[in-house]
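Colleague: Could you build the full structure based on these sequences and the hints that come with them?
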Amino acid sequence: MAVKIVTDSLSDLTDDIIGDLDITIVPLTVLFGRETYIDRVTITTEEFYRRLTTQNILPSTTQPTPQAFADVYNKLAEETDEILVITLSSKLSGTYQSAMSAIEMMEKKCRVEVIDSETVAMGLGLVVLAAAREARNGMKLEEITHFVQRSLERVHFIIYFDTLKYLAKGGRIGKAQVMLGSMLSFKPILTVKEGEISPVTRVRSQVAGIEYLFNFVTSFHQIDALAVEHSTQPEIADRLVDRLSVALPGKPIVRSVVSPVLGVHAGPNAIAATVLESN
Amino acid sequence: MRQNEVITGQDFREMFACATAWLEKSAQDIDALNVFPVPDGDTGTNMLLTMHSSMEEAYRAPDNSTSAIAQAIAKGALMGARGNSGVILSQILRGLAQDMTDKETLTGADLADALEEASRMAYKGLSNPVEGTILTVIKDASAAARKLVNEGNTDLTAVMDVAVKSANESVANTPTLLPILKESGVVDAGGQGLYTLLEGALHYLRGEAEQIQFRKPQMVASSIPLTARPPEMIAADEIPFGYCTEFMLKGQKLKADKIRTKLEKKGESLIVVGDDSTVRIHIHTLDPGDVIHYAASLGTMHQVSIRNMDEQHRDFLEMQRDKAPAVDMAIVAVVSGDGLAEVFTSLGVTAIVPGGQTMNPSTKDILRAIESSVSDKVIVLPNNKNIVLTAEQVKSLTNKSVEIVTTETIPQGVAALLAFDFEADLKTNARLMRQAIPAIKTVEITRAVRSTKINGMKIRRKQAIGLLNGELVAVGDSPTSALYDTLEKLDLDIQEIVTIYFGDETEQAEAEQASATIREKYPQLQVEVVKGGQPHYHYIVSVE
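Residue numbers (numbering that gives the first Met the number 0), protein chains in the order written: chain A, 0 to 278; chain B, 0 to 543.
Mixed in with the good hints there might be a few duds.
[Unchecked claim] Derived SDA-like pairs (lysine to any residue); straight-line CA-CA distance at most 20 Å:
#1 A:K174 / B:T349
#2 A:K90 / B:Q217
#3 B:K215 / A:L30
#4 B:K384 / B:L471
The set of hints was computed from the structure by calculation and includes no laboratory data.
Modeller: Listed below in structure tokens is the structure:
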């Protein structure tokens, strides 16, 4: 029985990949005031960003309930006896906690391992993707758990934000706090380090930001997998993908969209790049 | 929104339970807002424990009238108040209760009255009320509630709603009122706690008690930009903070006012609240024995707590260190002009050495800035051609690792600073910062100090001249015309951002006008105007 892989909607995995590799997604919830939406189930990313930028209401997000995870475990337990859950950073969301609590609530006996990825978006997505491939190849739970932990050390996620406004308002600014209060406008480049949002550097324009992402990705010599994401500007991310595929011929690039849950903090015009280094 | 004309005593109690539950979720975040040396080490926890004591008492109320429950809540708070914020909170709850005497139920108008009384009581408990704290927040919330009721809206939920909104704005505004908050880069913790409680109560009135189970209160963001500074290290000879002394005094015919006057000179952060049989006292004193001795003569003491604040301070510094960014590097920049100094500081410069054209700092000035930096790794930005050499000299005079990034103009300095990589080490950063310099073009507009002929241009003394990357390229009758002429030498069609720093002799309106003119001609450009306040130069402009 193959190990079943479960993650949350912050992994930014596309429907194709999810379907192909039999990955189960437990979505977070997006709230606009008192209207609640299930991330990418009852609200599309396009609709979300449209509302984010046109309405004067700051959305927030909530973790999935333990019950939501328990339901998934129970269902998967009918097909397997080993489940591996990989969640976004526990310092940014209670999702990891819900995934853990749900183990107690399971009806059927089944081994469940939960890993706190300490990262988000494709930083999480590329590792989940690699784990799902290994599961399909028949790797057992213990081995995959080690494999994922090693992979998480080799995954590098950075994101260009057009503004720190949303991140500051959302209260998850972490160590990027030092970037606030500038007398001069700039665009931050951020990462997730030890589970928290951390500053990388500042640029003055999106063009310079994209240049930074390009140089960042091409500075790696051994690349296993790559991903590029956008929040509202697919054409700009596509152009970066084109440049990267010329610079790194033959490397497949996962093209995805920054999920609304992260979008609440990232805002419009964000672009992210992720590198999974080879062993 | 669910409308509530009026609620019963039971609802009133459940509303407080909901508010307490809501506070519980962010107590830790509120703790993290603390500023030392401001009293309680943990404002969120202290307010929460005070509320717990209130709620225990609320369930023991003799009957279910609003009045009885409010009295019980106030009593519980007074008995269980912890820390500075807890004591003030207990005073607020006491004010609420006082105004609800003999009330069976609670209406919107009652709430407005009660909040007013709560605000009055909160101020009364302190010998020296400070604005920009929980006091201002309760005052603002009560004023907003009063205004709505006066306008004729007495719906309880609506009144609570405006109180919450106003409390939110009030918390956001605390750093404007209280400088220490601005310096520490936080909003007031007690104010945030009170706001969270009010918000929790509002959730209850809206019928959201169930839904909020999986949500978390948001921390209020400051309304002004905050630059958190690294915590200062405690020096050995620093004045000690003394002991945070708290206890409850029970007796007969106690007079809070009299006790307050008596204790005023014995320490700081004094709060004395209570009634004639129970008084709660909180003071920071160097001699707790003296305070205790006095109190013992008045009645019996309970829940006595004496904590060494120097110890607390050390713990606090350690916590701050854990929270501080992992970057252990200092940046020293030579800058003149208030505005420019602020720009550089807001971008992470740790020490400013005043200086620039015609005012070159000495090696000693720069050395002193390096030596006073907290870090052993220092980057220096001279920001002027004539200062580069002086800065280079410093390297051999200090034991610290120093990298001079040879910025020759202010815009180059800013560009280098922005390129700082928070993840990289000293050498890598110096390299990244140097790499950022060539991409920047610097335009400087000043006045000729003498008549001359240069680059085929005839220049009269005091005429405005334009320099591009240090080279004289334009001359004009006004600073703005020299500015436009100098910019013409650049291919602005392929540039992205123009930043104009206007000097101390230039009006902001003139700079804004120049910005509008440039934008009109090159609509693709992003033009930013910043007050530089630099002497001699009407304009310093970066083009990138």
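Colleague: Hints numbered earlier in the text: which of these fail when held up against the supplied structure?
Modeller: Every hint satisfied by this model.
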